[in-house]
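S.K.: Here's the letter readout for the chains.
Number of protein chains: 2
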Amino acid sequence: MSQDIYDKIMILAKRRGFLYPSFEIYGGVAGFYDYGPLGAQLKQNVENLWRSYFILQDGCFEISTPTITLYDVLKASGHVDEFTDLTVDCPHCNISFKVEDVIDESTTVDEAVKADCMYCPTCRTKLINPRPVNLMFATTIGIGKTRDAFLRPETAQGMFTAFHFLYRYAREKLPFGVVQLGKGYRNEVSPRQGPLRMREFSMAEAEIFFDPLHKDHDRFSSIKKNSIYLFDNEKEMEISLEEAVDEGIINNPALAYYMFLTQSFLLDAGIDPKKFRFRKHSDDEMAHYAQECWDVELLSQRFGWIECVGIADRSAYDLNAHIQSSGTDMYALRRFDELKLIKRRKIIPKMNVLGPKYKQQAGLIKNALENYIITDEKSKITVEIAGKKILVSPDCYEITDVEEKAVGEKFVPHVIEPSFGIDRILYSLLEHNYQEGKKNNEEYHRLTFAPKIAPIKVGVFPLVNDERLMSLAKDIDSSLRTKGILTYFDDGGTIGRRYARMDEIGTPYCITIDHESLIDTKVTLRDRDTTEQQRVLIVDLPTILKKFLN
Amino acid sequence: MSQDIYDKIMILAKRRGFLYPSFEIYGGVAGFYDYGPLGAQLKQNVENLWRSYFILQDGCFEISTPTITLYDVLKASGHVDEFTDLTVDCPHCNISFKVEDVIDESTTVDEAVKADCMYCPTCRTKLINPRPVNLMFATTIGIGKTRDAFLRPETAQGMFTAFHFLYRYAREKLPFGVVQLGKGYRNEVSPRQGPLRMREFSMAEAEIFFDPLHKDHDRFSSIKKNSIYLFDNEKEMEISLEEAVDEGIINNPALAYYMFLTQSFLLDAGIDPKKFRFRKHSDDEMAHYAQECWDVELLSQRFGWIECVGIADRSAYDLNAHIQSSGTDMYALRRFDELKLIKRRKIIPKMNVLGPKYKQQAGLIKNALENYIITDEKSKITVEIAGKKILVSPDCYEITDVEEKAVGEKFVPHVIEPSFGIDRILYSLLEHNYQEGKKNNEEYHRLTFAPKIAPIKVGVFPLVNDERLMSLAKDIDSSLRTKGILTYFDDGGTIGRRYARMDEIGTPYCITIDHESLIDTKVTLRDRDTTEQQRVLIVDLPTILKKFLN
Numbered sequence: 001m002s003q004d005i006y007d008k009i010m011i012l013a014k015r016r017g018f019l020y021p022s023f024e025i026y027g028g029v030a031g032f033y034d035y036g037p038l039g040a041q042l043k044q045n046v047e048n049l050w051r052s053y054f055i056l057q058d059g060c061f062e063i064s065t066p067t068i069t070l071y072d073v074l075k076a077s078g079h080v081d082e083f084t085d086l087t088v089d090c091p092h093c094n095i096s097f098k099v100e101d102v103i104d105e106s107t108t109v110d111e112a113v114k115a116d117c118m119y120c121p122t123c124r125t126k127l128i129n130p131r132p133v134n135l136m137f138a139t140t141i142g143i144g145k146t147r148d149a150f151l152r153p154e155t156a157q158g159m160f161t162a163f164h165f166l167y168r169y170a171r172e173k174l175p176f177g178v179v180q181l182g183k184g185y186r187n188e189v190s191p192r193q194g195p196l197r198m199r200e201f202s203m204a205e206a207e208i209f210f211d212p213l214h215k216d217h218d219r220f221s222s223i224k225k226n227s228i229y230l231f232d233n234e235k236e237m238e239i240s241l242e243e244a245v246d247e248g249i250i251n252n253p254a255l256a257y258y259m260f261l262t263q264s265f266l267l268d269a270g271i272d273p274k275k276f277r278f279r280k281h282s283d284d285e286m287a288h289y290a291q292e293c294w295d296v297e298l299l300s301q302r303f304g305w306i307e308c309v310g311i312a313d314r315s316a317y318d319l320n321a322h323i324q325s326s327g328t329d330m331y332a333l334r335r336f337d338e339l340k341l342i343k344r345r346k347i348i349p350k351m352n353v354l355g356p357k358y359k360q361q362a363g364l365i366k367n368a369l370e371n372y373i374i375t376d377e378k379s380k381i382t383v384e385i386a387g388k389k390i391l392v393s394p395d396c397y398e399i400t401d402v403e404e405k406a407v408g409e410k411f412v413p414h415v416i417e418p419s420f421g422i423d424r425i426l427y428s429l430l431e432h433n434y435q436e437g438k439k440n441n442e443e444y445h446r447l448t449f450a451p452k453i454a455p456i457k458v459g460v461f462p463l464v465n466d467e468r469l470m471s472l473a474k475d476i477d478s479s480l481r482t483k484g485i486l487t488y489f490d491d492g493g494t495i496g497r498r499y500a501r502m503d504e505i506g507t508p509y510c511i512t513i514d515h516e517s518l519i520d521t522k523v524t525l526r527d528r529d530t531t532e533q534q535r536v537l538i539v540d541l542p543t544i545l546k547k548f549l550n
Numbered sequence: 001m002s003q004d005i006y007d008k009i010m011i012l013a014k015r016r017g018f019l020y021p022s023f024e025i026y027g028g029v030a031g032f033y034d035y036g037p038l039g040a041q042l043k044q045n046v047e048n049l050w051r052s053y054f055i056l057q058d059g060c061f062e063i064s065t066p067t068i069t070l071y072d073v074l075k076a077s078g079h080v081d082e083f084t085d086l087t088v089d090c091p092h093c094n095i096s097f098k099v100e101d102v103i104d105e106s107t108t109v110d111e112a113v114k115a116d117c118m119y120c121p122t123c124r125t126k127l128i129n130p131r132p133v134n135l136m137f138a139t140t141i142g143i144g145k146t147r148d149a150f151l152r153p154e155t156a157q158g159m160f161t162a163f164h165f166l167y168r169y170a171r172e173k174l175p176f177g178v179v180q181l182g183k184g185y186r187n188e189v190s191p192r193q194g195p196l197r198m199r200e201f202s203m204a205e206a207e208i209f210f211d212p213l214h215k216d217h218d219r220f221s222s223i224k225k226n227s228i229y230l231f232d233n234e235k236e237m238e239i240s241l242e243e244a245v246d247e248g249i250i251n252n253p254a255l256a257y258y259m260f261l262t263q264s265f266l267l268d269a270g271i272d273p274k275k276f277r278f279r280k281h282s283d284d285e286m287a288h289y290a291q292e293c294w295d296v297e298l299l300s301q302r303f304g305w306i307e308c309v310g311i312a313d314r315s316a317y318d319l320n321a322h323i324q325s326s327g328t329d330m331y332a333l334r335r336f337d338e339l340k341l342i343k344r345r346k347i348i349p350k351m352n353v354l355g356p357k358y359k360q361q362a363g364l365i366k367n368a369l370e371n372y373i374i375t376d377e378k379s380k381i382t383v384e385i386a387g388k389k390i391l392v393s394p395d396c397y398e399i400t401d402v403e404e405k406a407v408g409e410k411f412v413p414h415v416i417e418p419s420f421g422i423d424r425i426l427y428s429l430l431e432h433n434y435q436e437g438k439k440n441n442e443e444y445h446r447l448t449f450a451p452k453i454a455p456i457k458v459g460v461f462p463l464v465n466d467e468r469l470m471s472l473a474k475d476i477d478s479s480l481r482t483k484g485i486l487t488y489f490d491d492g493g494t495i496g497r498r499y500a501r502m503d504e505i506g507t508p509y510c511i512t513i514d515h516e517s518l519i520d521t522k523v524t525l526r527d528r529d530t531t532e533q534q535r536v537l538i539v540d541l542p543t544i545l546k547k548f549l550n
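Same order as they appear, the protein sequences are chains E and X.
Each residue of the first sequence is one higher than the one before, counting from 1 in the working numbering.
Each residue of the second sequence is one higher than the one before, counting from 1 in the working numbering.
Honestly, the hints are just simulated from the structure, not real lab data.
Take these hints with a grain of salt, some might be off.
Across the chosen pairs, the derived CB separations fall in these ranges [to be verified]:
1. I544(E) <-> D329(X): 42 to 50 Å
2. I374(E) <-> N94(X): 36 to 44 Å
3. R168(E) <-> D7(X): 17 to 25 Å
4. N94(X) <-> P356(E): 37 to 45 Å
5. Q533(E) <-> D475(X): 53 to 61 Å
6. F548(X) <-> I374(E): 52 to 60 Å
7. R497(E) <-> I348(X): 34 to 42 Å
8. S52(E) <-> K145(X): 39 to 47 Å
9. D527(X) <-> S222(E): 32 to 40 Å
10. E100(E) <-> M286(X): 47 to 55 Å
11. N94(X) <-> I399(E): 57 to 65 Å
12. P542(X) <-> I374(E): 35 to 43 Å
13. R302(X) <-> R168(E): 25 to 33 Å
Covered, in the sense of this in silico footprint (three residues per stretch, anywhere, with C-beta under 8 Å from a C-beta of chain X), are these stretches of chain E [claimed, not checked]:
14. 52-58
15. 61-71
16. 90-97
17. 137-148
18. 151-161
19. 314-328
In this text, a Cβ means the ideal position worked out from N, Cα and C, and glycines have one as well.
All chains, full assembly: derive it from the sequences and hints.
M.R.: Structural data, given as structure tokens:
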């Protein structure tokens, strides 16, 4: 069977040290990959480029919260109940499958389960026991008196549960954005597709907290004439951001702004614009928390369009859930221009009923009731205490309409969330930048990485193994490193072979130090893509390279 | 009770957004902390400074491997059996304690267990059931047919299990160094001491692979005259690296070199040299894998000298363990100058005996036998297959002495490991850089962070809320951010109050834009530590600041 690009990239990735299966010496396990020296550096460069867009340019702040997450948090967020895949078992092979993976395009998951005629891809035995299986990795905190916990399925919850701290850090002004980069975990039933479906993966997520009355961005007007690539599940189109919002294709300017920021980042990183599009989720495929969602899809030769970023309007879903479950005041305040007399419906807890009825929990229920905002006229009030929903019977409180002087009104912020799957972006960068051919009758590969994301910036080559050349080359090498430029020192083989080794890992520049260099203090600087060479003064190298690399 | 520095720092850290307990809205759980916007940025700056020492300067390469680690890996490394704390239970409170935490200085763990007279610190009930408890967080990979796994207790194993890839990346030359930064996990029995004893923590580890015959570093001679601060468990001393090696206080030049690199990094980051020392482990306190170990201890007011870095000579322990357990060839080659006839003892497996005896496993055992290096004359040969030790009976193989022409001889590299606890270093940086006093009758705090690690580099202040000033200030702010300088824009309150807010979080510079700025295109640049102010041209700001910040 001939190799497709995926095979070729995975072979190159392993051979050169970008990416390889974890624990291979113990037989490996699907869904886990190591990033080798080049992969880890590429990843870091892409993450830092992402930071330059979301933190330096957009002004979000970054936080870092644990990967181990308490049961209570993920119960409240809906993940304990909803983060599942419908799964079936093969009684013969004793293996489980995700239903989605064993049906063909002519049917849906629901239909297949109803029809009860799925077969094992290996032994063709009839698959049994369809059921939702939770995809979180479970663990336990402590010894003796333990607490249940999971490895986080997303970094987002760490930002929601700290909202009150972050709102204060933002000096109580909306909108503001919080980001987190780090590991996410998903215990896939039967992961295939290599690095595109990992059980432990890297994410970069931003949560932008908005007043729902103002889903706007102060820079939208300066970028609205730019084009964006959309696919509405029927046709692809290139359309201005302004038009997309005006025609209601994208719900609001804030969402449109973050879609543009996302597109700018990915194209800057080196994604092929011809293999890039935004696709809108249809109503039946949205996550349990989403109101509107756009995916960035990147085209891969073997797998077709793959989802690499999701930009969701999560509305007030998560903050509401945590306010109700924890009873913490995580509202924002919409300030009035002056003190105002406002009417509101207020819940007044009756401790004389709550006390005997709920004992130790009465205090928590009282707090939850006081923080409860009555948003509709339904009469049932449910609060969540320590992960359990409690329907509070009407004899425990009174509802009264009160008039109060207030500086503003409380509300639950809405959230727009651009969520990036870093590993899929890295794989796409490898595929979109892969070139192959022959040179001097040998296979030749080139990765055309943008200089700013290339793992190694400069190859440093002494022409021959001569003491003076070696010493000068080493001095140049270490002076570039002192200036923050990652080099690769190579004194083995012909210069042609050294160039080829650097081209194969996407190093944009090479410097050769020859005997002439000892006299004219110049070196040969070679460009990967044009293969053009120029003589430059050693003393000018840092300035020239820094300019090229940005 | 009056607050000590620890209390004051933890209050400041929470109020300003450096660090706060995780999951607090659900009651929290000991040993987990969130890094807020300032803490996460500080952490990233310290990690990047670390990288500049270990990657750019020393030439190590960084990799990134999963936090979830297969049972087989940690069984081989000894963690399943050895990574334990002796634990006792209180039958009354139903809480477990680490024995170390419930005894006083007059006794040792062994003595206390033998004497069987430990009491609960809360209720004084006699503690029972002393036993070693494994401190790894356990989880399970997959659905149905599952694999046991743990969250990694150290990042190191990911570097050992990929040694054969990394050796190839290093083009089969020793020494070379590999680093990893990321999460480590330790399910502490009863964590106290806040951020100094976290259950999920950040580490930066380097594994330097050496030929044991050459534990040297090519830069040792250029740094050997420098001083290092040592404590030999009796007295503290300042001694040159050269002397320390010559007198046998430090085992070898390579170890000494990495101790110096570590000291340079920490002092550069802003650790107080008067609160810094290396302490040598006594034989009975070394980890199960270590041959010689030095800790960096940093002084804290409340906790005394705390261990923040361990620099261990792990010898060939880990690679040996993985070679034996997995049967993978992870040797290095010591090349001869020319082809050489060498004698060696060789195991020749007998498949006709192995086949019937071990069935499916016969092939694995054959590989393991062929890779086995006979190091002593003991006649028993044990191989490890899939985590199980198998004593291979002598009828399964022959041992013969063979003479072969060889390009070199195989050996197991030794490892020197500098391992950094990032969270403890961050706490120490907060404590060592904390200053307090009064200004205008108000409490005043200053963090004297080194500019290169300060989370925010520059405060940008429009003097008054005037449209033209605001617009100019915003332009300056965004142009600095474009150049990679993280700013904090503040237009609230008096300039004095804005300075105080920046001093409190360690921002080294502030810029004030006033009406004069509109005319002379200059702004006031103020230095945190000297409080001196100078007028500088707006156009010169990036250059001036970049110089100050490095």
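S.K.: Take the hints in turn and mark each one as holding or not.
M.R.: Status of the hints after comparison with the structure:
1. In this structure the hint that I544(E) and D329(X) lie 42 to 50 Å apart at CB holds, the actual value being about 44 Å.
2. At about 41 Å, the beta-carbon gap between I374(E) and N94(X) stays in the expected band of 36 to 44 Å.
3. Remark: the range hint 17 to 25 Å for R168(E) to D7(X) is upheld by a beta-carbon distance near 20 Å.
4. Taking 37 to 45 Å as the suggested C-beta distance range, the pair N94(X) and P356(E) does not conform, at roughly 27 Å.
5. Between Q533(E) and D475(X) the beta carbons are some 40 Å apart, a value that contradicts the proposed interval 53 to 61 Å.
6. Roughly 54 Å separates the CB atoms of F548(X) and I374(E), a value that falls within the hinted 52 to 60 Å.
7. A C-beta distance of roughly 39 Å is found between R497(E) and I348(X), which places it inside the suggested range of 34 to 42 Å.
8. The supplied range of 39 to 47 Å is met by S52(E) and K145(X), whose beta-carbon atoms lie about 44 Å from each other.
9. Distance hint check: the CB atoms of D527(X) and S222(E) are about 34 Å apart, consistent with the given range 32 to 40 Å.
10. Separation of E100(E) from M286(X) is about 51 Å and conforms to the stated range, judged on CB atoms against 47 to 55 Å.
11. At roughly 41 Å, the beta carbons of N94(X) and I399(E) sit outside the given window of 57 to 65 Å.
12. Distance hint check for P542(X) and I374(E): the Cβ-Cβ separation is about 53 Å, which falls outside the suggested range of 35 to 43 Å.
13. Distance hint for R302(X) and R168(E): a CB-CB separation of about 27 Å, consistent with the stated range 25 to 33 Å.
14. Counting residues of the region 52-58 of chain E whose CB lies closer than 8 Å to any CB of chain X gives 4, so the stated coverage by that chain holds, three being the minimum.
15. For the region 61-71 of chain E, the assignment as covered by chain X holds, since 10 residues bring a beta-carbon within under 8 Å of that chain's beta-carbons and 3 suffice.
16. Under the rule that three or more residues need a Cβ within less than 8 Å of chain X, the assignment of the region 90-97 of chain E holds, with 3 such residues.
17. Look at the region 137-148 of chain E against chain X: 10 of its residues bring a Cβ nearer than 8 Å to a Cβ of that chain, three or more, so the hint holds.
18. Taking a C-beta to C-beta cut-off of 8 Å, the region 151-161 of chain E contributes 3 residues in contact with chain X, enough for the three needed, and the coverage statement holds.
19. A count of 4 residues in the region 314-328 of chain E with a Cβ less than 8 Å from any Cβ of chain X is obtained; the coverage claim is therefore met, three being the minimum.
In this structure, the hints that do not hold are numbers 4, 5, 11, 12, in rising order.
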